[in-house]
Amino acid sequence: MANAKLEIVNMTKLYNNGDGVKNINISVEEGELITLLGPSGCGKTTILRAIGGFNDIQSGDILIDGRSIINMAPEKRPTAMVFQSYNLWPHMSVYDNMEFGLKLRKVPKAERKQRITEMLELVKMPGVEKKYPGQMSGGQQQRIAIARSLLLRPEVLLLDEPFSALDAKIRQQMREELRKIQTDLNITVVFVTHDQEEAMALSDRVIVMNKGTIEQCGAPAEIYDRPVSRYVADFIGEMNFLQINGKTLAVRPEHVRVRKGTGGELDGFVRTVMMLGHYVEMTMDTDYGIVKTFISEEEAREYHKGDPVAMDFSKSFEY
Amino acid sequence: MVKNKSKWKSAMLIVGFLAPALIVALGIVIYPIINTIIKSFQDPSTGAFTLENYSYLFTNKLARAHIWYTIWVTVLTVVLAIFFSYLLALYLRFSNSRIASVIRSLYLLPRFVPVLVAVYALKMVLSDSGLINRLSMLLPESWALHNFKPGLLYNAKGIILANLWFNIPFATMIISAALSGISSSIVESAQDVGAGKIRIFFKMILPLSISDVMIAATFVFMSNVSSFTTPYLIGANHPMMLGVYLRKQFSSRKYELAAAVSCLIFLFSSISAIVYIYTNLKEKAWERD
Numbered sequence: 006m007a008n009a010k011l012e013i014v015n016m017t018k019l020y021n022n023g024d025g026v027k028n029i030n031i032s033v034e035e036g037e038l039i040t041l042l043g044p045s046g047c048g049k050t051t052i053l054r055a056i057g058g059f060n061d062i063q064s065g066d067i068l069i070d071g072r073s074i075i076n077m078a079p080e081k082r083p084t085a086m087v088f089q090s091y092n093l094w095p096h097m098s099v100y101d102n103m104e105f106g107l108k109l110r111k112v113p114k115a116e117r118k119q120r121i122t123e124m125l126e127l128v129k130m131p132g133v134e135k136k137y138p139g140q141m142s143g144g145q146q147q148r149i150a151i152a153r154s155l156l157l158r159p160e161v162l163l164l165d166e167p168f169s170a171l172d173a174k175i176r177q178q179m180r181e182e183l184r185k186i187q188t189d190l191n192i193t194v195v196f197v198t199h200d201q202e203e204a205m206a207l208s209d210r211v212i213v214m215n216k217g218t219i220e221q222c223g224a225p226a227e228i229y230d231r232p233v234s235r236y237v238a239d240f241i242g243e244m245n246f247l248q249i250n251g252k253t254l255a256v257r258p259e260h261v262r263v264r265k266g267t268g269g270e271l272d273g274f275v276r277t278v279m280m281l282g283h284y285v286e287m288t289m290d291t292d293y294g295i296v297k298t299f300i301s302e303e304e305a306r307e308y309h310k311g312d313p314v315a316m317d318f319s320k321s322f323e324y
Numbered sequence: 257m258v259k260n261k262s263k264w265k266s267a268m269l270i271v272g273f274l275a276p277a278l279i280v281a282l283g284i285v286i287y288p289i290i291n292t293i294i295k296s297f298q299d300p301s302t303g304a305f306t307l308e309n310y311s312y313l314f315t316n317k318l319a320r321a322h323i324w325y326t327i328w329v330t331v332l333t334v335v336l337a338i339f340f341s342y343l344l345a346l347y348l349r350f351s352n353s354r355i356a357s358v359i360r361s362l363y364l365l366p367r368f369v370p371v372l373v374a375v376y377a378l379k380m381v382l383s384d385s386g387l388i389n390r391l392s393m394l395l396p397e398s399w400a401l402h403n404f405k406p407g408l409l410y411n412a413k414g415i416i417l418a419n420l421w422f423n424i425p426f427a428t429m430i431i432s433a434a435l436s437g438i439s440s441s442i443v444e445s446a447q448d449v450g451a452g453k454i455r456i457f458f459k460m461i462l463p464l465s466i467s468d469v470m471i472a473a474t475f476v477f478m479s480n481v482s483s484f485t486t487p488y489l490i491g492a493n494h495p496m497m498l499g500v501y502l503r504k505q506f507s508s509r510k511y512e513l514a515a516a517v518s519c520l521i522f523l524f525s526s527i528s529a530i531v532y533i534y535t536n537l538k539e540k541a542w543e544r545d
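Going line by line, the protein sequences match chains A and B.
Be aware that the first sequence starts at 6, since it is given in the numbering used here, and climbs by one per residue.
Be aware that the second sequence starts at 257, since it is given in the numbering used here, and climbs by one per residue.
Calculated from the structure, these hints are not laboratory results.
Using N, Cα and C, we set each Cβ at its ideal position, and we do this for glycine too.
Incorrect hints may appear among the rest.
[Stated by the list, open to error] Computed far set for chain A versus chain B, every beta-carbon distance over 10 Å: (1) G25; (2) G46; (3) G71; (4) K114; (5) N191; (6) E302; (7) K310.
[Unchecked claim] Here are the computed distance ranges between Cβ atoms for each label pair: (8) B:L537 with A:N15: 56 to 62 Å; (9) B:S361 with A:T218: 35 to 41 Å; (10) A:T218 with B:I466: 43 to 49 Å; (11) A:D200 with B:P463: 34 to 40 Å; (12) A:N215 with B:L391: 58 to 64 Å.
All chains should be modelled from the sequences, with the hints used to inform the complete structure.
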């Protein structure tokens, strides 16, 4: 683990009201994009803010390139943070916003100009130097905010739900662009989100958090295919939960095979058949709860409310 | 033609709705102002046009002292009130301590105490035989502070002190509202790129709140340049604030001179009103669409 870019060791940060995070251990490789995923209040932002220096921690350590940074003020840390919104300074033009940090680092004027122009090209927003934040859309503002952070060449880029205030289409687009820039520049990113789809699409690894602790850490596919707990199974993707003989059986809708009649692993009756575009969602009543599956439009024509259905599970989990 | 008629009709309707307010304003604001302006240019005995009243104000040694004293006390009140209010507002905005939350719920209290009550209370505490003096009497006689006399009443110090008591809460309220409009992420992202506290103040917080600070300052200026109760009760006999001077002229039946003093106070107030309107109307580059 000596060559980890960012390492969080046994970190604990508790607020007065008892919320916070306990015994957090995370290791991020150089050039990796890691996502902290969880519902609000699970402590994901607490960890991010601790890395950025905006939260002091009670115990443990945070290392970047093997050096502890916990005693550094935010302005001294080799990290850059992008917040959910209101990142840009409203009274400064885009150029002034981007130049501010470079000036503090005493970068010569000509180099500042060159680097800002290049960075605006990179985020596909050339020519907006003279605009003020209030004259741009939310998506454009976040782009500039990310550009402003990248300009300072941080060791680790911290993103706190940067796209959550944007509408779905723009969010999708920003996601793709961020991933591209991140891989092109090979930067280390810690990304916080409550959107599991965003986490799956964007990350090399996802850390699923629950009430201040890490529930599971792994590649998106690994977390989806092998959720270690009921909580993760429930939070990531869709899942049917069936209470059978005191145990919980969890089955993803795509792992439910259906045929008309009886004699399957589980039998039930059609409850609803809902057309959702290129696929159909069918739910079935069983003795152990409702089961959901996805079928094609063609198949769906054979099923009507109340029909008996036999189900087989190609894959299931037990908790 | 039809269109013109309906336009004319709606214009009349607007005038009709505004008329009551307009008549009241004309009667109790505009008319007295015009009356006062005319009177200030009249000779007391003949009623003829004269500049005598104003030239008296600007040449008479005593009157000039009153004018300078008023400006001096008011400006000092504004500067000190804004300085302390800004500090207090910054503290309230950026501190999460218990003390801050207590102050947050208490700082407006002085605004709810009537001026007269507050001034008399201040007198009780500050006067040379008041509470401070009584407490100092409890000290051993050999101490220098025994029988301490604050010497704060019947001079500019007392007036300014009382002014601060009323104006700091008010200015803090306005500046606090401006500061609470500055999102934490604006400050934190400045910190993040490497700015220290002082730079954050001068580069972020000050430019984002300066127009509200100016507005607070003009309000403090306007209410203090013409103040009467406070200087009347705890000011000196000489020099005196223009409000007190005005009353003195009035009670000696020098109505024309009193009118000239009124106009002068009005002029001072309008200067700060112009500043206020200018700050309010000035569209900043970053607010333009």
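Of the hints given before, which are not true for this structure?
none
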